[in-house]
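FYI, full-length UniProt numbering numbers position 129 of the sequence shown as 129, with every residue one higher than the one before it.
There's no promise every hint is true.
Claimed, not checked - Okay, derived cross-link-like pairs now, PhoX-like style, lysine-lysine, Cα gap no bigger than 25 Å in a straight line:
| # | residue 1 | residue 2 |
| --- | --- | --- |
| 1 | Lys72 | Lys18 |
| 2 | Lys20 | Lys62 |
| 3 | Lys140 | Lys83 |
| 4 | Lys62 | Lys49 |
| 5 | Lys72 | Lys62 |
| 6 | Lys83 | Lys72 |
| 7 | Lys72 | Lys107 |
These are computed hints drawn from the structure, not numbers from a lab. Treat the numbers as computed from the prediction; the structure is a model and nothing was measured.
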Amino acid sequence: MSSFSLSIVSFQNSRGTKRKWVPEEDVALVACMVDLYNVGTYNTDTRFKTSYVNELERMLEKVLPHAMLKAKPNLESLIRTLKRDWAIVYDMLNGKDNSGFGWDKHKQMVVVEDVSYKASYQFRHHSFPYYDQLTSIYVKDRATRKDAQTAANIVEEIDVEDIATTRRKQLP
């Protein structure tokens, strides 16, 4: 019997039963996500199609047959957490205010001079070994600050274009 059958650890809290993931399951999930992304069948412009989680469930069943991971809620929950953590690290390293942040490739962790960025605290002494793999998947989904616009900027730009168009129509 595989050691993964023992990985089904759960605990009760006020919101229900939570599943505790083991590192082998994390590694398998990220590897399957990268494989699925590289194949491209479930990709759209900048993200996965909605049905990709079901395919991940099938892929993980082959890799970890005794883990009993389900698309909902197990996979969706961990993927959401991984993406959130990746976004925090990505923004620290590539964001507008990234001075004082670095990435230790050997330890796979953020190097921070001072814990001035609240979200960085959780990554200061803990590795995030999936950063590179998740970057290959999610980097296109992340707007760069160079071209990003707020909703107010977009509305203002539309208003300026409407005024210019109206003035051109009024000219003889």
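Status of the hints after comparison with the structure:
1. Lys72 with Lys18: Judged against 25 Å, a Cα distance of about 12 Å means the pair holds.
2. Lys20 with Lys62: holds (20 Å)
3. Lys140 with Lys83: Given that 25 Å is the threshold and the Cα spacing comes to 13 Å, the pair holds.
4. Lys62 with Lys49: holds (21 Å)
5. Lys72 with Lys62: Between Lys72 and Lys62 the Cα gap is close to 18 Å, so the pair holds against 25 Å.
6. Lys83 with Lys72: Distance of about 16 Å is within 25 Å: holds.
7. Lys72 with Lys107: violated (32 Å)
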